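Start from the sequences, fold in the hints, and give me the full structure.
Below, each chain spelled out in residue letters.
Protein chains: 2
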Amino acid sequence: MTKSELLETYEESSQQLAGHGWRNVAVLKDAFESIDGDVKSDKYGSGAVIEDFQQQMAEFLGKEASIFFPSGTMAQQIALRVWCDQNGVKKVAYHPLSHLEIHEEDGLKELHGIETILLADKERVIELEDVTSMDEEIACLLLELPQREIGGQLPSFETLQAISAHCRQNGIKLHLDGARILECLPYYKKSITEVCSLFDSVYLSMYKGIGGIAGAILAGDQEFMAQTKIWKKRHGGDLISLYPYILSAETYLAQRKDRMEEYYQHAIELAAYFNSCEGMSTIPEVPVSNMFHVHFQEAPEKIAPILTEAQQYMDLGVTGYLKAEQIGCSFEVSLGDQYKLISRSKVAGVFERLDEKMKSLN
Amino acid sequence: MTKSELLETYEESSQQLAGHGWRNVAVLKDAFESIDGDVKSDKYGSGAVIEDFQQQMAEFLGKEASIFFPSGTMAQQIALRVWCDQNGVKKVAYHPLSHLEIHEEDGLKELHGIETILLADKERVIELEDVTSMDEEIACLLLELPQREIGGQLPSFETLQAISAHCRQNGIKLHLDGARILECLPYYKKSITEVCSLFDSVYLSMYKGIGGIAGAILAGDQEFMAQTKIWKKRHGGDLISLYPYILSAETYLAQRKDRMEEYYQHAIELAAYFNSCEGMSTIPEVPVSNMFHVHFQEAPEKIAPILTEAQQYMDLGVTGYLKAEQIGCSFEVSLGDQYKLISRSKVAGVFERLDEKMKSLN
Numbered sequence: 007m008t009k010s011e012l013l014e015t016y017e018e019s020s021q022q023l024a025g026h027g028w029r030n031v032a033v034l035k036d037a038f039e040s041i042d043g044d045v046k047s048d049k050y051g052s053g054a055v056i057e058d059f060q061q062q063m064a065e066f067l068g069k070e071a072s073i074f075f076p077s078g079t080m081a082q083q084i085a086l087r088v089w090c091d092q093n094g095v096k097k098v099a100y101h102p103l104s105h106l107e108i109h110e111e112d113g114l115k116e117l118h119g120i121e122t123i124l125l126a127d128k129e130r131v132i133e134l135e136d137v138t139s140m141d142e143e144i145a146c147l148l149l150e151l152p153q154r155e156i157g158g159q160l161p162s163f164e165t166l167q168a169i170s171a172h173c174r175q176n177g178i179k180l181h182l183d184g185a186r187i188l189e190c191l192p193y194y195k196k197s198i199t200e201v202c203s204l205f206d207s208v209y210l211s212m213y214k215g216i217g218g219i220a221g222a223i224l225a226g227d228q229e230f231m232a233q234t235k236i237w238k239k240r241h242g243g244d245l246i247s248l249y250p251y252i253l254s255a256e257t258y259l260a261q262r263k264d265r266m267e268e269y270y271q272h273a274i275e276l277a278a279y280f281n282s283c284e285g286m287s288t289i290p291e292v293p294v295s296n297m298f299h300v301h302f303q304e305a306p307e308k309i310a311p312i313l314t315e316a317q318q319y320m321d322l323g324v325t326g327y328l329k330a331e332q333i334g335c336s337f338e339v340s341l342g343d344q345y346k347l348i349s350r351s352k353v354a355g356v357f358e359r360l361d362e363k364m365k366s367l368n
Numbered sequence: 007m008t009k010s011e012l013l014e015t016y017e018e019s020s021q022q023l024a025g026h027g028w029r030n031v032a033v034l035k036d037a038f039e040s041i042d043g044d045v046k047s048d049k050y051g052s053g054a055v056i057e058d059f060q061q062q063m064a065e066f067l068g069k070e071a072s073i074f075f076p077s078g079t080m081a082q083q084i085a086l087r088v089w090c091d092q093n094g095v096k097k098v099a100y101h102p103l104s105h106l107e108i109h110e111e112d113g114l115k116e117l118h119g120i121e122t123i124l125l126a127d128k129e130r131v132i133e134l135e136d137v138t139s140m141d142e143e144i145a146c147l148l149l150e151l152p153q154r155e156i157g158g159q160l161p162s163f164e165t166l167q168a169i170s171a172h173c174r175q176n177g178i179k180l181h182l183d184g185a186r187i188l189e190c191l192p193y194y195k196k197s198i199t200e201v202c203s204l205f206d207s208v209y210l211s212m213y214k215g216i217g218g219i220a221g222a223i224l225a226g227d228q229e230f231m232a233q234t235k236i237w238k239k240r241h242g243g244d245l246i247s248l249y250p251y252i253l254s255a256e257t258y259l260a261q262r263k264d265r266m267e268e269y270y271q272h273a274i275e276l277a278a279y280f281n282s283c284e285g286m287s288t289i290p291e292v293p294v295s296n297m298f299h300v301h302f303q304e305a306p307e308k309i310a311p312i313l314t315e316a317q318q319y320m321d322l323g324v325t326g327y328l329k330a331e332q333i334g335c336s337f338e339v340s341l342g343d344q345y346k347l348i349s350r351s352k353v354a355g356v357f358e359r360l361d362e363k364m365k366s367l368n
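Protein chains in written order, with this note's numbering: chain A, 7 to 368; chain B, 7 to 368.
I should point out that these hints are in silico values taken from the structure, not numbers from a laboratory.
There could be a bad hint or two in this list.
The list cannot tell twin chains apart, which means a pair is met if one copy fits it or any two copies do.
DSS-like cross-link-like pairs, simulated, lysine-lysine; straight-line CA separation at most 27 Å [unchecked claim]:
1) K128 with K239
2) K352 with K308
3) K128 with K115
4) K329 with K46
5) K363 with K329
6) K329 with K49
7) K96 with K115
Since this is a predicted model, take the numbers as computed values, not measurements.
In structure tokens, the structure reads:
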């Protein structure tokens, strides 16, 4: 049994527990179906298509200005660089499992020469005392909400407020890695502007919960954004045309921004199903957004056949991969539009099957 | 009379001398019309959509491998960085009007700390003796073919061969800024692989002569390309989905790669029209690609009303802007699909009108 059989049966299942559906060309075609061919392309960051959306997103996030970037990797490195330049300190702090630390080939260090301080343990989110007990001077603190690599955990809103107040008192800029920030609002019971008001700069992904094709919004004050625009060109991100991403982001944002409560409730329901199965547990146990991680004590080689069999038997995709952990293995689940389309008996059926097979494993 | 009236009448004209037509959403919709919605997105640089096109482009350019980048700015900075790292020298040479020197907010210097040596005068292309007489050690020489900012001028093919031989003898990597390289082939009477074989790395734009939406191909040997892939991620260029650019590039490359001879011949014809008018001249006088610049001795304020009147009178767009020069002004013309759709009497008509008005100016 190989990992690819797991992926094969996942992809062949007519429905999947997680996500918005396949990332295929239909995502683009659907978004552009109702858009007139005469709509003019943006041109190197100018033009109604990009300027209107940036204005709309700045208002949505409660910031003075925003800029559309091709990627969050680019947007965030640049945000940190501008804060470093403004504060005259080439040092920032973030979580040890920050996207910038583990998924970007050290772009922040290699391109910008910025040093990083890793706060908190890998297993938990950054708390107030991690910040207040920091000895070294930093230009900026980055908080990722939710902390994706540990299943999408969140600090309390009170902690966010306290960290924000501390940073303002100490001249530390606070940046929000909010790739999935919309997905956190139902748990916080706060508006997007209430959350963003705690931060000096905010990044929001266009293709996570929103389900667009690609792209990112970076928002902040006018002066800050003007600086980021120069770096956007330096990075090679000031494309002649970003409209394929912008117009699809606009479409899917309108479609999904108010469904986050639904995804969140479904995540709670689905995590409970996983936790009810023999030998499976989720982190967090009760999700605080639309996402969680599923953990097993056994090695991938033992778990994959069980998942493969169950998803094939019920024609319902559970996961296409397993990540080996120090002990056992895991996979990630992010709820989207798909879950509510699946009959409850089918959902119950796949977990009965999984539970049965996991029990016979021991 | 303002510049914007010039632009207005240009945009309102039902036909335009230059280009492939407006850069609007129809460019995307046309390209995707025949593409099935089930085609899977690429994913962070993997998947058939991107891998197949990269393979196809590597073969097309006669190189071992190629990578699709969101922009040429990103592709070229990275190419130079990798050559610098490989040669252990953080210095490159290029033309004083290279895209990297004047249009990228100094990304090469600011992000990569690479020093640049400017070869040749601004008014002419780099010749062999500019290269052989260089005192300083450099990792890489970048040649832009055609040299866009001086109207698309070209060195002779023999010069290219001699520069290439010199670089190989002296351990200098030779990089081709070939944003518009396909447009040069009819003049050189060479195949694309013959030209590319002189260079260690090659960049080709997907939206100049090809007329795609955005994006760039960088090609070279396997080891070099593997390094550039790491930097692509660092720059924030490894997008989850590049297929909107890739699939449209594929469509328009197939459609236009064999029309370059036609664009070239039209450029020669159209430049002759401009040169036949009072007070107008083109650089080069006889184009060597699909492009040239039109120069006037008078200031933009004097020329704009004449162009505005003529393009309105004939309902034929000549230019939407004028760039002020030290003496007089200029604009750029790049021939594409539009020119052959215009009746010969209309073309002759607009130049008669221009000639008449220019004569009455003096």
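Hints versus structure:
no.: 1; hint: K128 with K239; in the structure: between (34 Å within a copy, 23 Å between copies)
no.: 2; hint: K352 with K308; in the structure: within (24 Å within a copy, 75 Å between copies)
no.: 3; hint: K128 with K115; in the structure: within (20 Å within a copy, 36 Å between copies)
no.: 4; hint: K329 with K46; in the structure: between (44 Å within a copy, 23 Å between copies)
no.: 5; hint: K363 with K329; in the structure: within (20 Å within a copy, 73 Å between copies)
no.: 6; hint: K329 with K49; in the structure: between (41 Å within a copy, 18 Å between copies)
no.: 7; hint: K96 with K115; in the structure: both (10 Å within a copy, 18 Å between copies)
Hint check: no violations occur; every hint is consistent with the structure.
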